[in-house]
Each structure stands twice: as structure tokens, then as C-alpha cells.
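S.K.: Chains as they are written, first to last, in my numbering: chain A, 1 to 277; chain B, 1 to 111.
Calculated directly from the structure, the hints in this document are not laboratory data. The beta carbon of each residue, even a glycine, is placed where N, CA and C say it ideally should be. A couple of the hints might just be wrong.
Said to hold, decoys possible - Cβ-to-Cβ under 10 Å is the rule here; a few derived chain B residues that face chain A:
{"no.": "1", "residue": "Gln35"}
{"no.": "2", "residue": "Leu45"}
{"no.": "3", "residue": "Tyr84"}
{"no.": "4", "residue": "Pro85"}
Said to hold, decoys possible - From the derived model, a few chain B residues whose C-beta atoms are all more than 12 Å from chain A:
{"no.": "5", "residue": "Pro30"}
{"no.": "6", "residue": "Thr51"}
{"no.": "7", "residue": "His55"}
{"no.": "8", "residue": "Asn57"}
{"no.": "9", "residue": "Ser58"}
{"no.": "10", "residue": "Gly69"}
{"no.": "11", "residue": "Arg71"}
{"no.": "12", "residue": "Leu79"}
{"no.": "13", "residue": "Arg88"}
{"no.": "14", "residue": "Thr92"}
{"no.": "15", "residue": "Gln109"}
To be verified - Derived, one-sided and incomplete: chain B residues facing chain A with beta-carbon distance under 8 Å:
{"no.": "16", "residue": "Asp40"}
{"no.": "17", "residue": "Leu56"}
{"no.": "18", "residue": "Ala83"}
{"no.": "19", "residue": "Tyr96"}
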Amino acid sequence: MNQYRVTFGDVSISVAWQGKAALAILDYLFANIPPAENYLVGDSFQLLYSEQNKEYILHRQDKLLYQGSAAGIAAARLLDALIHAISQPCQSGLLFHAAALSWNNVGILLPGESGAGKTTLSAWLSSQGFGFLSDELILVKDGLLTGFQRPLHIKQVGIDLLEKATGVGLHVEGADVLKTGQGVLARSSLFNAVVCSDLPPPRLLIFPQYNAKIEFELTPISKANSSMRLMNCLINARNLNKHGFTEINALAKSVSAYEMNYNCLDKVVDGVLGLVR
Amino acid sequence: MVYSSRLFICTVIAPVKAIDDIKPSQIPTPKQGYQLEALDDELFLYDIGNTQAIHLNSASALVWQLCDGHRNIQDINTLLQDAYPDKRDQITQDLYDSLSAFLAQGMIQLA
Chain A
1 MNQYRVTFGD VSISVAWQGK AALAILDYLF ANIPPAENYL VGDSFQLLYS EQNKEYILHR
61 QDKLLYQGSA AGIAAARLLD ALIHAISQPC QSGLLFHAAA LSWNNVGILL PGESGAGKTT
121 LSAWLSSQGF GFLSDELILV KDGLLTGFQR PLHIKQVGID LLEKATGVGL HVEGADVLKT
181 GQGVLARSSL FNAVVCSDLP PPRLLIFPQY NAKIEFELTP ISKANSSMRL MNCLINARNL
241 NKHGFTEINA LAKSVSAYEM NYNCLDKVVD GVLGLVR
Chain B
1 MVYSSRLFIC TVIAPVKAID DIKPSQIPTP KQGYQLEALD DELFLYDIGN TQAIHLNSAS
61 ALVWQLCDGH RNIQDINTLL QDAYPDKRDQ ITQDLYDSLS AFLAQGMIQL A
């Protein structure tokens, strides 16, 4: 069995694979993630592709996560479970459920729960010249942002908004787009995103919320409110001293924070640039 | 500290206790064990055991700080009325709203 290693923060995940189609999925998902040293070992995975049955078989440890012929679903299941596996032991910094971008080395952190619109904003801002770090998982360590640079997992609402705004076709499966059942995985390069190799310091916090009924608005929020929201998006709290309480407050004190409601992308770029400039 | 805004707690998930159930003679006692950080004139509270994060704006932070397990609700109301005489009409309602939300969050007990 061949081994593929995915490392982020201080955690390394091993994926045993067999079959070229399995390797193609791993390269599609993780090719942009640089290797690292001095890591903890998390759960291991196994991804096989059976040429005979034309199906993928995905396990985490001994648990079957997927068996079927859809590459996109296998990829999405692996991605979700692998991110969970990374977050469980991670203790080197604050690991947020967040997107992040950069503009002239200004780090913009967008924490939010699933459905908040992080991925849609990441894709759109990347297409408009912002550096791309991640649409899902961000590590804040030593005052710098590091992103888990996976393909963008775009839900249906985001697909509609992005197709309209960018003209990029997301409904047809191909080398860059995989259908996942919940939406699509799309390479960030589809949006001409420049993967940000520098580690920018966080200078701006935006808590996004997509809401079809609310016009675009960008509202400053207090530091205490920011701390509360950051804590709710911190996914490795249990591994940190006092659940990262001290570090969360230090971050909230040092960075301006805003709530962004949006139902279309027209005003997003000007709104964000108005804050980073 | 300016008593300027109404209660704002972002994480209310339980039903709010009826304000009529709160009596002026009762003594609110804060639950122990919160990590607490004052940020400007607001508070961020975090309960590690329940992974519960709470933001209190300036008004509710002030009420929280007056809930010391010794003063009863009438005492707290009087203190606030004396401190902010121009807000007398609003203060009692805000106080009871805050206490009601604190109860719903399990942040205080009434004795």
C-alpha cells in the first residue's frame, strides 16, 4: 500500500492509497499543502480504488466512510474527516473554522460556522486579487496566519452567486470541479486565485453571514463580542490551556472586527478594501 | 461607564424565565467558574466546563458585576437608579431583562 502524508500545524495524517484514481483524488485535494516537520500523528485513513468494481472505498481507522463510484463524494468525505482528524490533536496555536485572505500582507480572517458564506467570499475575493489562504481551516500561531489550502467546497447558494459574478462554470464536472452531493469542490485556480505563500499577520476580522433577505452591510463589533465569536469558531480549544481564552482575547484586542451580512457579491470587494486601506 | 444600551447577550438558547417570577427581595448569586475578561466596558465570559461563551454589553456587564451574592434585586435597582437618575424609567426594565437572561443561561441563581 502506498502512503500519502498530509500535514497541517503540528499534526500529520497518513492516507494509505491504492489505485491511480485514489492518488488522483489525493493530489487534487492536497497538492497545495506544503510538507512540515516535527508533527504529532493523527488518525490514519485508507483510500482504495477498485478497478474491477469501479468504486472508491474510504476508511478512517477501521470505520467505513464511503464506498461508491463518485469521486467527488469520496473526496468530500475524506476532506471533512481529515480536517476533523487534524483538529483533534492540534495544540500549536489557535485553529479556527475560518477562511482567510491577504491584501498587501494584511491578513483578513473570516471565521464562521458552516453556511456562513466563507467559501463564497473566499472565491470571490480571490478572483478580485486577494491572496488565498483557505476557505475552511486557519491556524493562528506566533501572530501569523496559515491556511489549509484545499480546493474550495462551494455549496449550492455559493455556486449560483459565483457563476453569476465570475462567469466560472461550476455545474459541469471535470478536472477542476467535482460534485460532492452538497455542492462542488473547485480548485482555487479556477478563480485565478493566487495561493498566498507568505504568512500574513491578522489585521482584520470579518464574521460573514450570508442571508438572502438582508442587503450588504458591514458593521463594527466590540472586542468582547469578537472574543465570543472567535471562541465559538475555535476548534482545538480542548487542547489549549484554558481553552485558548487568553490568546483569543489578545487576538480580539489587537484586530478590528466587523460583521458582514450579504446577499450578493456586488459590494463585498469595495467594503473589504475600505477596511484594509 | 455609561449606562447607554440595552441588554445584549448573543448566546441565548434557553427560554427566558418570566420576569414576573423575579422578586425584588431575591438575591442573585453568580455561578462560579467563568473565565472573565473585561474588554472596554463590556465583558466576555467563558465557562470551560460547558464550553459556553457569553458576551455582555456595557449594561448587562454592569448588572452582572452587581450580582455579588449579597445584594438583593431591590438593592441593585436602587444603586443603578441613583447612579443614572436620568435613566430611571429604563433601568428597572433593563435590570429585569438582564436577570431573566442570566437565569436562562444558568449564569445566576436566585435565593
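S.K.: Each of the hints needs a verdict: does it hold here or not?
M.R.: Right, here's what the structure says about each hint:
1. The interface hint given for Gln35/B holds, since its Cβ lies 5 Å from the closest Cβ of chain A, which is under the 10 Å cut-off.
2. Satisfaction of the interface hint for Leu45/B is found here, the shortest Cβ-Cβ separation to chain A being roughly 9 Å, below the 10 Å cut-off.
3. Below 10 Å, beta-carbon pairs count as interface contacts, and Tyr84/B has none with chain A, the closest being about 20 Å; its hint is therefore violated.
4. For Pro85/B, the interface hint is violated, the least distance from its beta-carbon to any beta-carbon of chain A being 26 Å, above 10 Å.
5. Residue-level check passed: Pro30/B sits 17 Å from the nearest beta carbon of chain A, beyond 12 Å.
6. With 12 Å as the threshold on Cβ separation, the claim that Thr51/B sits away from chain A is violated: the shortest Cβ distance comes to roughly 7 Å.
7. Not every CB of chain A lies more than 12 Å from the CB of His55/B, the least distance being 4 Å, so the non-interface label is violated.
8. With a cut of 12 Å on Cβ distances, Asn57/B falls inside the contact zone with chain A, its closest approach being about 7 Å.
9. Not every Cβ of chain A is farther than 12 Å from the Cβ of Ser58/B; the closest lies at roughly 9 Å, contradicting the non-interface assignment.
10. Distance check on Gly69/B: its Cβ is at least 23 Å (rounded) from any Cβ of chain A, clearing the 12 Å threshold; non-interface status holds.
11. Interface exclusion of Arg71/B from chain A stands, the closest Cβ pair being 24 Å apart, more than 12 Å.
12. Here Leu79/B stays apart from chain A, with its beta-carbon at least about 22 Å from theirs, past the 12 Å limit.
13. Distance to chain A confirms Arg88/B as a non-interface residue, since its nearest Cβ pair spans about 26 Å, more than 12 Å.
14. With 12 Å as the threshold on Cβ separation, the claim that Thr92/B sits away from chain A holds: the shortest Cβ distance comes to roughly 24 Å.
15. Its beta-carbon lying about 23 Å from the closest one in chain A, Gln109/B satisfies the requirement of being farther than 12 Å from that chain.
16. Checking Asp40/B against chain A: minimum C-beta separation of about 6 Å stays under 8 Å; hint holds.
17. Annotation: interface hint on Leu56/B holds; nearest CB of chain A at approximately 7 Å, less than 8 Å.
18. This hint is violated: Ala83/B has a C-beta 21 Å from the nearest C-beta of chain A, more than the 8 Å allowed.
19. Evaluation of the Tyr96/B hint against chain A yields a violated restraint, the C-beta minimum of about 22 Å exceeding 8 Å.
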